[in-house]
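As a plain string of letters, each chain reads:
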Amino acid sequence: MSNIQAEKLTKTYGAGSTKITALDHVNITIKEGEFVAIMGPSGCGKSTLLHLLGGLDKPSEGHVLIGGHNLTDLNDDKLTELRRRKIGFIFQFFNLIPVLSAVENAALPVTLDGVKPAEANSKATEWLTRFGLSDRLMNRPDQLSGGQQQRVAIARALVADPELILADEPTGNLDTRSSDEIASLLRDVSKQYGRTIVMVTHDPRIAAYANRIIFLKDGKVVDETLLEKKNGKNAEDVMEKMKQLGD
Amino acid sequence: MNIELTLAYRYLGGRKLRTFLTTLAVVFGVLVIFGMNIILPTMIESLQANVQGASGLVDFSATHISGEPFSISVADQLKNADGVRAYSPSLTRVVNIPADFYDDDSNQPDKVTALSLVGVIPEAARSVRAYPLVEGRYLEDADTNAVIISRTLADSLNAHLGGTIRIPSVDGTTELTIVGILPARTSPGNEEILVNLPTAQTITNQSGKVNTIDIVIETFASEERRNEIQTNIQNAFGKNYAVGTQISADTQMFASLQLGQAMMNLFGVFALFMGGFIIFNTFRTIVAERRRDIGMLRALGANRKTIIGIILAEGLFQGILGTGLGIFFGYFMGAGIVKAMRPMMTQFLNLQIGEPVISPTLVIVSIALGVGVTVAAGLFPALSASRVTPLEALRPSANEKLFEGRAGWGAVGGAVIIILTLLAIFSGRAEFIMPGGFFFLLGLVLITPILVRPLALLFGKILALFYARRGISDLAQGNLTRQPSRAAVTASTTMLALTVIIAIGGMISSLTFTLYDLIRANLGSDYLFIPPSIALWSSNVGANKDFAEQLKNIDGVDEVSALRYSSAVSNGQLISLLSMDPVAFPRVSALFFQTNIFADEVSAYASLDEGRNMIVNGALLAALKKNVGDTVNIVTPDGSFDYRIVAVATDMLNAKVTTGYISHDNMKKDFGVQDDVFIQLNLKKDANRQAADAAIRALSANYPTFKVISGVEYYNTMKSQLDATFSALYILFFVLAIPSLIAMINTLTIGVIERTREIGMIRAVGGTRKQIRAMIVSEALLLSAIGTAFGIFGGLYLGYVIVIALESIFPLGFVFPTAGILIGIAIGLIFGIFAAFIPARQASRMNVVDALRYE
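Residue numbers (the numbering used here), protein chains in the order written: chain U, 1 to 247; chain H, 248 to 1102.
It is possible that some hints are incorrect.
Claimed, not checked - In silico DMTMM-like cross-links for lysine to aspartate or glutamate, where the CA-CA straight-line distance does not exceed 20 Å:
(1) H/Lys552 x U/Glu81
(2) H/Lys552 x U/Asp76
(3) H/Lys263 x U/Glu81
(4) H/Lys552 x U/Asp77
(5) H/Lys916 x H/Glu1005
It is worth saying that the hints were derived from the structure and are not from the lab. All of these numbers come straight from a predicted model, not from anything done at the bench.
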């Protein structure tokens, strides 16, 4: 998979006087292996952009190109297949299946793809072990802490070896320490395994772990900032930028 | 295990209570269908065993289509029939043995309750089958009152060669001398006793008559040749004779059993339908509850098929488990009922019931219904789950609008259906009213979703007056109406259950209104002389007319009326004919008239003696598809006769059997029957009752076939039996209402799970445990109130439909079922409170912090 491109991406809800434009002709390009954070105030269209990039939603106008595929041209089955094989998702509320163990949850995308359970579980175990969960493999979600659950979710996002990982407020439901751990983990994944990561967050501290930040306001891209490599220690710069944009 | 099965299995295990409750619904439906369908085949097999025992192993048996005896000369038709090797005409008849006839001990169960009396021409009988005697000799032409019995019968009666046995006869009793003993009997069915034809004819008052011709054909005939010979025999006898390998089971009995089984099947299908409703509702809520999971799976790349697969796999698991358990428990229920029925069937119908019979078809049908209904009920929610886009599922609020649109159209359709079915009632035409019962309920189900909100508001206000004050009732009402479709499906389940209870209440109110009058008028004579089997007249040996004559001559007796019986065929339909003395009958008994071409009942009775006139009951009129005034052709062994229907009337004992009433004169002339099977007697007002009673009982001792009982006693027995039946019906339908309780518990529990955070919030801002409990109980009460309200309407309509349907058989008018409605409301309220118990406990015991964190 090469670059990800969004061209004139627009999403509107409702019609007439109740029409709301969530995204307004957004053009962005994300390079392979890049870790990008999308920031902006509530309702600015961050999550909408992420959903459109992941093929979870259809744009009202414009299109998304992933690995040369125009997502708008794909039918439901093809989109489903693309999501299963090429994209990994991480959600704010982890969204683990409560009745499955950590390893089964992490193995889910490959299991859904028809890989034999033993093979799927071994792949999942590999990722979970890398994330320090080797002693929690058989635990159910309700037996894990928030940070552990999110690590399972990240393992799940990586198990099918996708080239793009979309994370929607992955630390929104975690305490500061766990949030840092997760953000750091995502950065490592991008760096060590060359995965492209697009993360939506409203937390400047977390956004600071990315290589680049795209700022959205009222459905439009208002700024893009390439961060210096300060190992996540440039949160103040991000906050400063946000202040400027807010004004 | 693939992911669909793994998830289905884990989800089911994760919600054990819900899985248990929904599976219970399937178990219940299958249990009823499977259990009840064991009973009829078991009884049929027992009946056939009895009949087969009589027919033996000859090639063919010929009988008249009416089953009645015919002239022995009919057998001569076979003299030149091609392929017939030998034949034997016989008079074969089941003779019911009255209770304690042989042992005279009411504490001991009777070993012999019926015998098959076979009257044969000795040599002819030997030409068609072998009689390997173990003791004594075979019958000779010159024998009178000689009998051959089996070793088993001899042992059970403690009889021996040269000794005698008594059997009931039209003259009271006949004593037969045992001249030969056959080997011990191994096949099931009644014991056969073999006598000379004239002896059998005397015992049953059928002089010169036989009723069966056993035939053996040339040996080693191919299948084709066999069929050819059967055709030859059929042609020799003509179309009014049945030539077959087996005599059919007693059709009268069979019809009654089939009716019972049809009712139970209806009950089972209804139970399963309710089960399906619950499963449908559960799966809908499951889909709603797991929206986020489904969305996540879709986002991770699960396609629609996978989502459908997961939901259907859950249905399949529950269907298989529920059906398996249903069959298991159903077997025990069916076998238990068969066991419980054994003494009763022996006592009243003289039928020996064997072991429970399970046909492979029953197993297949039960599995297909149980698993099929469960999977079908899950299909719609599964499809709707698969249509959910990943995004919609991750944002659950996006779906509410969809429902509103669908409910609106459904309500319009429902309203139109309800209006049409109400118009059907006003049309007064049964063909519109009957299907209206189903459509009215359908209309109610469709209109419920849109009425949930206003009704919840209305009942919520009422509830707030005496329970759940301080806004709790408002909360409950708001919670309920948040998911109107779920509430509607649950309310509909309650509605269906209560509809049935109230409808049955309506039927019982209407029946009791007329039934007890009918019993009093019909069977309220001073004395009744009842044969061993009151439903199956054909197996009773009656009494010759001397008995009634002698009764009439007893001092103090005012009037004696007897009924005589013959079966006949009309329009291809097997019917029962009862004859009466048109003068004596109305003086001791009465028919219940529905239609009459004469101005009064007296003229209708009198007309029976004027030519071939007949009064028919509703069941016969419906079966013959005729009207009053029409003529019907009745086929008898002596020819066919045209009878005119002069009135429609019914009596208590034959209400459900297709019966016609004619005069004794016509019965004798056209059917050759003169023996009485049922007698009623009235004393004079000034009679010395004690003396008369003694004389009546002394005389009756000579005719042990009949049990003498006073009218009052019989009325009381019948009344208590009917009361018990009605109570059993109520209990049965109460049981049917249980699935609706399961549905309510399900809906409330799911509501509690969904609102965990809200409940936590209410507790956090100061709501007490008691208030939380009150909120859930209020929700349950509102839900049951809505279901009950609709149930009352549905029940009234369905009750009316049942009464209209019964009217064709039985004369009765619709009576408003006040008792049924009160019972329905009570059940609704009790269920409401009961259903809230588990969820209310669950909600009130929640840890506030955990609840607030719940996702």
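A quick look at each hint next to the structure:
About 13 Å separates the Cα atoms of H/Lys552 and U/Glu81, which keeps this hinted pair within 20 Å; it holds. Between H/Lys552 and U/Asp76, the direct Cα distance comes to roughly 12 Å. Compliance with the 20 Å bound is thereby established for this hinted pair. Among the hinted pairs, H/Lys263 with U/Glu81 is inconsistent with the structure: their alpha-carbon atoms are about 34 Å apart, more than 20 Å. Restraint check for H/Lys552 and U/Asp77: satisfied, since their Cα atoms lie roughly 10 Å apart, inside the 20 Å limit.
Pair hint H/Lys916 plus H/Glu1005 does not hold up; C-alpha atoms about 86 Å apart against a cutoff of 20 Å.
Hints 3, 5 from the earlier list are contradicted by this structure; the remaining hints agree with it.
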